[in-house]
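Colleague: Both chains come to you apart, so use the hints to assemble them.
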Amino acid sequence: GEDVEQSLFLSVREGDSSVINCTYTDSSSTYLYWYKQEPGAGLQLLTYIFSNMDMKQDQRLTVLLNKKDKHLSLRIADTQTGDSAIYFCAERATDSWGKLQFGAGTQVVVTP
Amino acid sequence: DAGVIQSPRHEVTEMGQEVTLRCKPISGHNSLFWYRQTMMRGLELLIYFNNNVPIDDSGMPEDRFSAKMPNASFSTLKIQPSEPRDSAVYFCASSLDRRETQYFGPGTRLLVL
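For the protein sequence lines, the chains are A and B, in the order given.
For the first sequence, counting from 1, position 60 maps to 45 in the working numbering; every step adds exactly one.
For the second sequence, counting from 1, position 17 maps to 1141 in the working numbering; every step adds exactly one.
Please note: incorrect hints may appear among the correct ones.
To be verified - Computed, partial: chain A to chain B, Cβ under 7 Å:
hint, residue
1, P24
2, L30
3, A89
In short, the hints are calculated from the structure, not lab data.
Quick caveat: nothing in here was measured; it's all calculated off a predicted structure.
All C-beta atoms in this analysis are idealised placements derived from N, C-alpha and C, irrespective of residue type, glycine included.
So that you can see chain B by itself, here it is in the shape it has in the complex (with noise of 0.2 Å):
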C-alpha cells in the first residue's frame, strides 16, 4: 500500500491566499484526521471525519479553515484567506477505525508570508 499521500508536500503563499491541502487515506481506512504542528504547540487535532462525515471539528481554529471529505479516498483542508501565523506542517491520517492504529502522511509544509 502506498501509505496516506497529502499534496503539497511544499507550499509558500503570501497573506490572504486561499490555500487547499489535500490528502488521500489509505483504502479501505475509514476515519481521517488532519492534524497541525507547530513548535510553539506541538501536535494538535484539527478535525476527524469518520465514514466521510466531520465528527469533531473542535480543533479547527477559526471560520478561515475548513475541511471536507466528498468520499472515502480523497479530502482537502483549506485555509481562506491564510495569515502568517498558519504557517505549519499539517499531516493528514487515517486509520481502519476511530479506535485503530492511525497511520500518518509525509505532511505538507506551509509558509505564509
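With the rest of the complex left out, here is chain A (with noise of 0.2 Å):
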C-alpha cells in the first residue's frame, strides 16, 4: 500500500531558509500536496504540483520533486515565526478514487 513519510521534526532561525522533506511510494501519483496546520486549526492547502512538473514556486514557497527517487521537499524561504506550524505532504493515489495519502506531518518551529 502506499507510504508517505515525513521527518518528524525542523528547528530553524528565522530569516532562514527551511527545508521539509517527503517521499512517497506510489510512482503513478498524479498530484503531490503541501498542507500547513496551525495550532488548533485545521489543514490548510499551501501548494501542490502535478507529476509532471520538477519545480514549482509560489512567493516564497518552493516545491522541488524527483519523480526517480519519489522524493518531494519544501523550501520556505526568509522563514518567519508564523511559519511555525506542522507540515503534511499528501499523495494522490491513481489507482483509487482520489484518495488523499497523507504523511505524520513535520513540526517546524521557528527560533527568533
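Modeller: This is the structure in C-alpha cells:
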C-alpha cells in the first residue's frame, strides 16, 4: 500500500530557509500536496505540484519533485515566526477514486 | 466563501454518550470527506461522499460510527456509544470533485471521559 514519510521535527532560525522533505511510494501519483496546520486549526492548502513538473515556485515557497527517487521537498525562504506549524505532505493515488494519502507531518519551530 | 464549517468546535462528553458532529461543505462542492486526527495514528480518512452518496467507508472504525449526508450542504458523523479512545480531532473537508483539491474545516476537538 501507499506510505508517505516525513521527518517529524525541524528547527530553524528566523530569516533562514526551511526545507521539509517527504518521500512517497506511488510512482504513478498525479498530484502531490503540501498542507499547513497551525495550532488548533484545520489543514490549510499551501501548494501542490503535478507529477509532470520538477519545480513550482509560489512567493516564498518552492516545491521540488524528484520522480526518480519519489522525493518531494518544500522550501520556505526567509522563514518567519508565523511559519511555525505542522506541515503535511500528501499524495493523490491513481489506483483509487483519488484518495489522499497523508504523511505524519513535520513540526516546524521557528526560533528568533 | 465561508469555507467548510464544522460544529461544535469542542465537545466533551462521557463514555457511553452519543456524539454528533456536523459539517457544512463549501457551496458547490460535491465531494465531502471526514477525517480523524490523533497523535498515534495521524490523519485517517473515515468516509468519503460524492454527490451525497457514501463511496468509501472503509476507514470507519466500527459500527459505533455512522455518517450521513442528507443533502449537498450538510453532513453528520455520529458516534454511539462513545468511548475514550474516540477522543481526537475530527475534520471535515470538501472538494469540487473527488480529484480536486480538498479544503478542510477547522475541526471538532472531541474528548470522551
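Colleague: If a hint holds in the structure, say so; if it does not, say that too.
Modeller: Hints versus structure:
1. P24: violated, 11 Å
2. L30: holds, 6 Å
3. A89: holds, 5 Å
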